[in-house]
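*Asks:* The primary structure of each chain is shown beneath.
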Amino acid sequence: NAGVMQNPRHLVRRRGQEARLRCSPMKGHSHVYWYRQLPEEGLKFMVYLQKENIIDESGMPKERFSAEFPKEGPSILRIQQVVRGDSAAYFCASSRQDQPQHFGDGTRLSIL
Amino acid sequence: AQKVTQAQTEISVVEKEDVTLDCVYETRDTTYYLFWYKQPPSGELVFLIRRNSFDEQNEISGRYSWNFQKSTSSFNFTITASQVVDSAVYFCALSEARGNTGKLIFGQGTTLQVKP
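So the protein lines, in turn, are chains W and F. With this note's numbering, the residue at position 67 of the first sequence is 75, and numbering never jumps. With this note's numbering, the residue at position 28 of the second sequence is 407, and numbering never jumps.
None of these hints come from the bench; they were simulated from the model. Ideal placement from N, C-alpha and C gives every residue a C-beta, glycine not left out. Errors might be hidden in some of the hints.
As the list claims (entries may be wrong) - Derived CB-CB ranges, DEER-like:
(1) M13(W) to K449(F): 32 to 40 Å
(2) S74(W) to T451(F): 37 to 45 Å
(3) G441(F) to I84(W): 33 to 41 Å
(4) I62(W) to Q381(F): 18 to 26 Å
(5) P419(F) to M13(W): 17 to 25 Å
(6) K52(W) to P420(F): 17 to 25 Å
(7) D434(F) to N61(W): 28 to 36 Å
(8) S74(W) to F433(F): 35 to 43 Å
Turn these sequences into a full structure, and let the hints steer you where they fit.
*Replies:* What follows is the structure, encoded as structure tokens:
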């Protein structure tokens, strides 16, 4: 039962380091979404990608954050020079065209 | 702009009680989808249901039922005979049905605690 796979499950970084979060979509899913959940809050959309293309990045912070979904391999959410405020749970979801999104277990990012 | 409001922050019930989680949404789109997701204490997000804006039929799945009313822009979720395993945070969400983006707009979530 290969659902959406995210790794690592937990990630600890010091301020100023880089964080790389990986997401392998479900088999047959070509749409990938990233969401962020701050403590005690709901999920906020960050970015929507299809293979090799960013379709909607309206929720991405303007600086330090980037995402990719290469032709081969997982989608990567990259956060450069992390700050304390980046501490959150980051969820990836995938779907087929016009189908519901299915979520991974999330990556809990903690910044020391 | 699209918005989802879950006015109930926390609900506590005793096992076997029925409980309804409220969801009110705002959108200018005529075609849209509504969703419910469950986030148990382990943290993952579990898809429960998706409804199309053209389909106002109520849906029942076991102990779960959903009431979609366009007239009041509501999509409420009822759990019948609640169980301790239903304890979780429940999120209502909205997305547009047309266009390239299927991004979900989530409500703040309702924390349901079911006591034995």
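*Asks:* It remains to establish, for every hint, whether it holds in the given structure.
*Replies:* How the hints compare with the structure:
no.: 1; hint: M13(W) to K449(F): 32 to 40 Å; in the structure: holds, 37 Å
no.: 2; hint: S74(W) to T451(F): 37 to 45 Å; in the structure: holds, 41 Å
no.: 3; hint: G441(F) to I84(W): 33 to 41 Å; in the structure: holds, 38 Å
no.: 4; hint: I62(W) to Q381(F): 18 to 26 Å; in the structure: holds, 21 Å
no.: 5; hint: P419(F) to M13(W): 17 to 25 Å; in the structure: holds, 19 Å
no.: 6; hint: K52(W) to P420(F): 17 to 25 Å; in the structure: holds, 21 Å
no.: 7; hint: D434(F) to N61(W): 28 to 36 Å; in the structure: holds, 31 Å
no.: 8; hint: S74(W) to F433(F): 35 to 43 Å; in the structure: holds, 38 Å
Hint compliance for this structure: every hint is met.
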